[in-house]
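Position chain F relative to chain U; hints supplied.
The listed protein sequences correspond, in order, to chains U and F. Read left to right, the first sequence gives residues 3 to 975 (this note's numbering). Read left to right, the second sequence gives residues 5 to 299 (this note's numbering).
Simulated from the structure, these hints should not be mistaken for lab results. Treat the hints with caution; some may be incorrect.
The list that follows gives simulated cross-link-like pairs (lysine-lysine, DSSO-like), each with its CA atoms no further than 30 Å apart [as the list claims (entries may be wrong)]:
#1 F/Lys80 / U/Lys461
#2 U/Lys829 / F/Lys252
#3 U/Lys461 / F/Lys209
#4 U/Lys877 / F/Lys160
#5 F/Lys252 / U/Lys790
#6 F/Lys160 / U/Lys829
#7 F/Lys252 / U/Lys612
#8 U/Lys893 / U/Lys854
#9 F/Lys252 / U/Lys461
#10 U/Lys443 / F/Lys230
#11 U/Lys447 / F/Lys299
#12 U/Lys612 / F/Lys286
#13 F/Lys299 / U/Lys461
#14 U/Lys966 / F/Lys286
Quick list of simulated restraints, FRET-style, between CB atoms [unchecked claim]:
#15 F/Glu42 / U/Thr823: 57 to 63 Å
#16 F/Arg261 / U/Glu674: 28 to 34 Å
#17 U/Gly319 / F/Pro275: 49 to 55 Å
#18 F/Thr100 / U/Gly868: 53 to 59 Å
Covered by chain U, per the in silico footprint, the following chain F stretches (three or more residues, Cβ under 8 Å) [what the hints assert, rightly or not]:
#19 91-98
#20 270-279
Quick reminder that beta carbons are idealized off the backbone N, C-alpha and C, glycines included.
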Amino acid sequence: MKPLTILCLLAFTTASLAAGPTVAPATGYRLSFDADGQAKGNRWVVHLRDADGNLSFEGALEGEWQQLSPEQKSYSHLFYSPSEAATLQVFSQDSGVEIQNVKLEKWEESNLLLNGDFSEPNYSGWSEHYNTEFVQSGSGKLALRVNLNGYALTDYTPVAGGGHYSFKGEHGTPGVQVLVYDSLRSFIGYADRPVQRRTFSLPEDAAYVRVLYGTGHNHLPAWRVNDISKAALVRAEGTGTAAPTKPERSRDWEIVLAAGCDPREEYAARELQRWISAITGKTPVLLAEPSKSEIRKIFVGRKLAAAFSDDLKTLEGTDGYAVRTKGGNLYLFGANPNGAIYGVNALLERNSDIIWPRPNPEFSAFYTRVPTLAFSDADFLSKPVFEERHVSGASAITAYDWESRNGLNSPWSLHKGNNYLAWLRGARLGYSGSFMAFLRKAREKDERISPMVDGKRDKSIWRQPCYTYQGTVDGLVASLRELQETLPGRETVQLHPRISDNWTVCGCADCMAPIKLPNGETLTAQTADATKYPLFFSTRNFLMLNKVAEALVPDYPDLKIRTHAYIFTAEPPAVKVHPAIIPEFAAYPTQNIRYPILAGEGKAIGGYTKDVWKRRFEEWGRVKKGDLGYFGYYYPAGFNAVADTAAADFRALADYEAVQVHTESFPLDDAELSMWDADAIEKWVMAKLMWDPAQDPEALRKEYIRRVYRGAEAEMARFYKLVRDSWNGAPESVFINCHTEPRVVFESLIIAPKLEDRAKQLLADAEGATQDPLVKKLIQRHRAYFEKLGGATGRVLVPLVEESTVEWKEPKSNHWEKGATIAGFLKVGDWRSFDNVESEHSSSVQMMRDGKNLYFRFKGNKAGAGRDQFELKLKNGKGRDFFLSVGSDGKTFAHPPLGNALQTATTTEGDGWTVVMAISLNVLGSSDPESSSIQARVGRLYGATGDQREESSHNGASIFNDHKSLWLNLQIK
Amino acid sequence: MSMKHSLLHLLAGLFLLAGAANAVEADFSKDAPENLFEGAAVAPQGDGAISLPARLETRAFPVEASKKYRLEITAKVDGPFVVEDNERAHILTLQTHLHRLTATYQVVFLDSKGMEIKGENLRGFFLSNQRRQYTFVFCTPENAASVRVCFESNGKAAQIASFKLVEEADEGTINPNPDFRYGELSYSGWQPTRNGRLYTRPDGKTVFEAGYGGASPLFPLNESKKYRVSAVGKGGSINIQYYDKEGKMFQGRFLMRPAETGAETELTPPPGTKRGRIVMFKGVILESFKVVEAK
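Just chain U, same shape as in the assembly (with noise of 0.2 Å):
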């Protein structure tokens, strides 16, 4: 360390507040001073304040770290000064403290991290971290070691947008992450993988940079501290723009809020000045005091909060919130820091026009610009029906972003290290995994945990454990015992032990034995086999379960164990679960999602009745009422309305008093189409579900479509409309799950009742309609996205060339242009394995047909040296299936044999051969008279044997695997 100047030597105490040295704005600093008379607790404070006073959040340095002993004298502090700062105030809240031989001195070394080095033996330029220690690293120098689950944040570091950097630790760069921030000091991505000495470059709108510290993969000792004794930020000589564009300030609002508060407070403030200042253009400043001028206050947080102490009582332990107008100012706060979170959100779309559609960062937020906001709807409370609103899926920061900004709190699990930026967001931090995950380390040591199957211990994870071994409950009881201190000081852990996913359990004579019931009566299996014997499984799996419960809770009285009511254990046991337990029910895999469970219309297959579902989430209702999860499927693969299905569950959950609702899975939202592309509009209704099942989930999408749809409200009103009534409308017969095939989503859906034209007219005319060019180009993803859904379908369009019944004998003629081409064939497996590989042996097929005959044209290069033959599939409308092959030699070879129906032509010519081919329509038939469509695969196979064989294919699957998701569906028509 090597500070440049000294810029004053005073004396403070409480009593000279007002009068302090002056700061530049955005200057790194080291002040240094020394104390007397502090008693223990004691904090010194440093306040940063601008030309007319005004105390902003972050002049406000008041960290819990900045702790007075009577052991110690001096003291020192490294802080950038904020942008419009002024005046520097030290002091302590004591009165009974001296502050003398104050020092200020200039920071100006060239790494930008202050304290990197840990020359100051304290937490200055550390001010956020969690779960951290100072330790002696190996060399002897001071070293901060961030335990288990911990992190430690460098403070918001100035950096120039577009600017190259590199950065140095000690020890490489494990659990390090660089996250970039905007002059708002909103967080906007992350850095390239910090690499050391590497260079990366900041994109242009960077202004801050905070270096995160975290911990890895808890399974690994390694990876479970992280040591820092060095961390350098350098930036590259040169390179970076000028200090960003100061935004124009609010004149109609300012933000307060208490220093030193929640992060998840700071970050909801942060949301409400970002969000504002997008809206209005105008951004209001950040105070942690209020200023004396005019403009109205938004206090935001508990703390703030004192006057209304019957609110606070009333959101007591949710994730509620109240927004509150007193004197002309708001006051936003809930009980629990998330709470500020979701209030701003409320306050936001209840005053704007805002919405925040999907997760991916184009298309995150749709509004209006206007001049001012006015808050006028600010006088409301909102407590969510559910306590814990999850979504699983995609876990990429943006997907917390769209979570929080709409009421949801999905959990992250801590077994890969806490992840700062979610839980800023809103999440909930755990451990999620099967028994045998949780039992890891009990397994290790004693191997009658893992279950009987088949005569043997079976060590595989994937196993549930052995239900009736004690040593099973005393290994997760240690281990969620473990695991539930890991987040010392913060908010519960959630503990989520589940069944692995499948129904082998443990068929040891214990496990096998007949369980003797409460009411006096004997439950039986004949065999380890829990598809057999839900009742009797579920039963043992609960009676273990109910043994942790009761072990930890004596310890741990407010503790839930998360857990599934999933395949076997779906069905409500027949003993009592304890009242600790949250089984969330799972109504998988038969179930039809286009019904609400309570419709009892699930597919009745194998064990499954019609409404096992309905029996099963009714009972479950009633025996756990006011401890019940659930695990939803509400991810059809398609065009769909699932949200209205949802909605009525959701409903059914609310009336059960459950404590959390859930869906799986929504995928990563980016520049790649994905099913957010179809049904968005579905996700955000069901997100806003979550929060309250009572609202009508048809009246929610009017609203999405008034927010998002600008100027093409209209034409996506209809189209979605056409879509919703076709998902409800539908004949019963249509079963969706999911994992129902998109083809069979979108065949159902949109092909049988002849939506398709209508609906792609629709989304074109929408398209034209808005002038809005974001709004236009999502429009555009739905129009690509349902191309690729009809694509999926395999529908090849077979034009009718009238030419064609003279020409199709002739290779060269031009009129084979206007067919229908299929080229690119794919590799298909024999005694090898390709996936997606390019055929070495280039082949395309042209189809086009007259009112007699469908023609085909196989071309390809190179004739193989041995057997070469195209070959062709076709199903007729009974389901009869026709093989054809020509082979480069003229050899035609048909099963069954076509005689007159079939004839063929090959011809070679330099280094390739063609083949055409006529068949009559009247023996194919079509395969589906309704769309008068033709079944076929096209494929080629070079060489039969050897290693020169290569079978190639349309679609790269084998013309003789029969599976229908694999036809082309040729459309005659």
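Just chain F now, kept in the frame of chain U:
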């Protein structure tokens, strides 16, 4: 053609007791076929083979229950629908009900009352215009008392040159045809699905491409015994299915994943198990699958 040795060979084979010495064996270049077949008389032609009529059945040969036997037939079939002329003859035959596109043979088990034991699907086919040996190894069910072989020409011109039925003792496994050593036209009850089939690789090794849901033949298992199971191959997963004495599958579960360097596991069948088989999913290609009793 000489027939002087035929009676001796066939008499020796009337009872298939322990050991290959008691094989039923007929070489139609030397042996008369009368004592081998039921019903219509067939006579060897000048080339030492008999022409297959539309249907031909052997006599029933006594067998022991839950034992492994090997059937060897030397045969050829004429016409263009043979592997030498049509590479797709193989897969088309596999995918056709009862393999009726070509001449076939079927192993039929009879109980002690001479009644056919239903539900066993042990059928092979002839598909080469060269005289070659087709080998079919099978395990008898626990209520089998005798076995007969039924041939059907299915309209093809097929000839059989020799026939041999003998207790199997060379494979060293409980399950039949564990390493596909008999070539790509001898399935021994392995049942591929979809586009699955046996392939002989360029290095001469035959492997089983199972298709999605392809299965092994049934093999005896005893609930009280422990078995060691190994699989060499790649892709997907292998489930095991347990069958009871009625021949009903009563339990199935994941068993293992094959590995190119060999994967191994052990199993003890659940109570009530009399036989088992494996079923393969997600692109399994097997070089071998072996079940032996664990020591």
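Hints, verified against the model:
no. : hint                            : result
1   : F/Lys80 / U/Lys461              : 50 Å, violated
2   : U/Lys829 / F/Lys252             : 39 Å, violated
3   : U/Lys461 / F/Lys209             : 33 Å, violated
4   : U/Lys877 / F/Lys160             : 26 Å, holds
5   : F/Lys252 / U/Lys790             : 44 Å, violated
6   : F/Lys160 / U/Lys829             : 34 Å, violated
7   : F/Lys252 / U/Lys612             : 26 Å, holds
8   : U/Lys893 / U/Lys854             : 24 Å, holds
9   : F/Lys252 / U/Lys461             : 29 Å, holds
10  : U/Lys443 / F/Lys230             : 28 Å, holds
11  : U/Lys447 / F/Lys299             : 25 Å, holds
12  : U/Lys612 / F/Lys286             : 29 Å, holds
13  : F/Lys299 / U/Lys461             : 20 Å, holds
14  : U/Lys966 / F/Lys286             : 17 Å, holds
15  : F/Glu42 / U/Thr823: 57 to 63 Å  : 59 Å, holds
16  : F/Arg261 / U/Glu674: 28 to 34 Å : 30 Å, holds
17  : U/Gly319 / F/Pro275: 49 to 55 Å : 51 Å, holds
18  : F/Thr100 / U/Gly868: 53 to 59 Å : 25 Å, violated
19  : 91-98                           : holds (count 4)
20  : 270-279                         : holds (count 7)
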